[in-house]
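Chemist: Using the sequences and the accompanying hints, generate a full structural model.
Protein sequences appear in the order of chains F and V.
Residue 139 is where the first sequence ends in the working numbering, and the numbering goes up by one at each step.
Residue 1143 is where the second sequence ends in the working numbering, and the numbering goes up by one at each step.
In case anyone wonders, no lab produced these hints; they're calculated from the structure.
Worth double-checking, as some hints may not be accurate.
Below, in silico cross-link-like pairs of lysine to any residue (SDA-like), each with a Cα-Cα straight-line distance of 25 Å or less [to be verified]: (1) F/Lys63 with F/Leu51; (2) V/Lys1067 with F/Leu8; (3) V/Lys1115 with F/Pro56; (4) V/Lys1067 with F/Asn79; (5) F/Lys63 with V/Leu1118; (6) F/Lys63 with V/Leu1014; (7) V/Lys1115 with F/Leu62; (8) V/Lys1115 with F/Gln115; (9) F/Lys63 with V/Lys1067; (10) V/Lys1115 with F/Leu8; (11) V/Lys1115 with F/Leu9; (12) V/Lys1115 with F/Phe60; (13) V/Lys1067 with F/Gln115; (14) F/Lys63 with V/Lys1115; (15) V/Lys1115 with F/Val68; (16) V/Lys1115 with F/Leu44; (17) V/Lys1067 with F/Gln74; (18) V/Lys1115 with F/Leu5; (19) V/Lys1115 with F/Leu86; (20) V/Lys1067 with F/Met55; (21) V/Lys1115 with F/Gly113.
Computed from a predicted structure; not experimentally measured.
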Amino acid sequence: MVLALSALLCGTLFGLGLYVSQMINPGKVLGFLDVAGQWDPSLLLVMASALAALMPLQWFILKRSRPVCTDSFQAPATNSIDSRLLAGAALFGIGWGLSGFCPGPAFSGLIYGLQGNIVFVGAMLFGMWLFHILHRPKR
Amino acid sequence: MENFTPFSALAGGLLIGLSSALFLLLNGRRAGISGIAGDLFSFRCVNPGWRLCFLAGLVLGPLLIGKTGWLPVDVQVNDSLPLMAAAGLLVGYGTSLGSGCTSGHGICGLARLSKRSLAATLTFMLSAGITVYIARHLLGAGS
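Modeler: Shown next, in the form of structure tokens:
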């Protein structure tokens, strides 16, 4: 219950950030990706200021023995650069470039109720489901 | 660079960074959106509740500020539904295979100086840039 409430709070704050930065607008994101056109570097500043806030804060946070609402910090599973990572990132990039949507803004953009956005989110969730079906751990 | 919006970009990025830090502090996790959504479909997912709450928050945040009418955002979404379906499929499958998206690798991963996330971020930035170049400048789609 506490985990759910804090997740709701953090998600809301994250969504606010996506809105304020205008990353909720795929046209804006495509303007960043279109280096050969009228390039819009805004996304670069979004990432830079997010990193500038997160990096020093996480340094203090990770000095704690445990998070506030649960027992331990979740560490990323692996650090290796493998073909799966690169192939997945490349496929993601193609979809991102075609639509201007990455997962966060795609969810946040649902407030506008636009057909293209809804179809995108449906297909994205289907793609995630498909991955887990195809890569189901063998026992 | 006539579309450049430095102040909203810096302010929004700050909120995203603070949200990611708060999530780490409270729940002990990195705020990677594709991971949070994708793990709902994992056979090992034991706790869908907070994941759904985070995703609900992603919608609630913009809804709250959008309702005020302050700072309206003009949104342009591609109308071609087959194209959006294909793009969604690639993003969903690709982020699952590559274990992260713009938030997980691009923000949380880079913040902890992960080489793996740097490699992923450079890869998806490059493939997205090439895709946009081909679509707009070679095929003449969009504006």
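Chemist: Tell me the numbers of any earlier hints that the structure contravenes, in ascending order.
Modeler: Those not satisfied are hints 4, 8, 9, 10, 11, 15, 17, 18, 20, 21.
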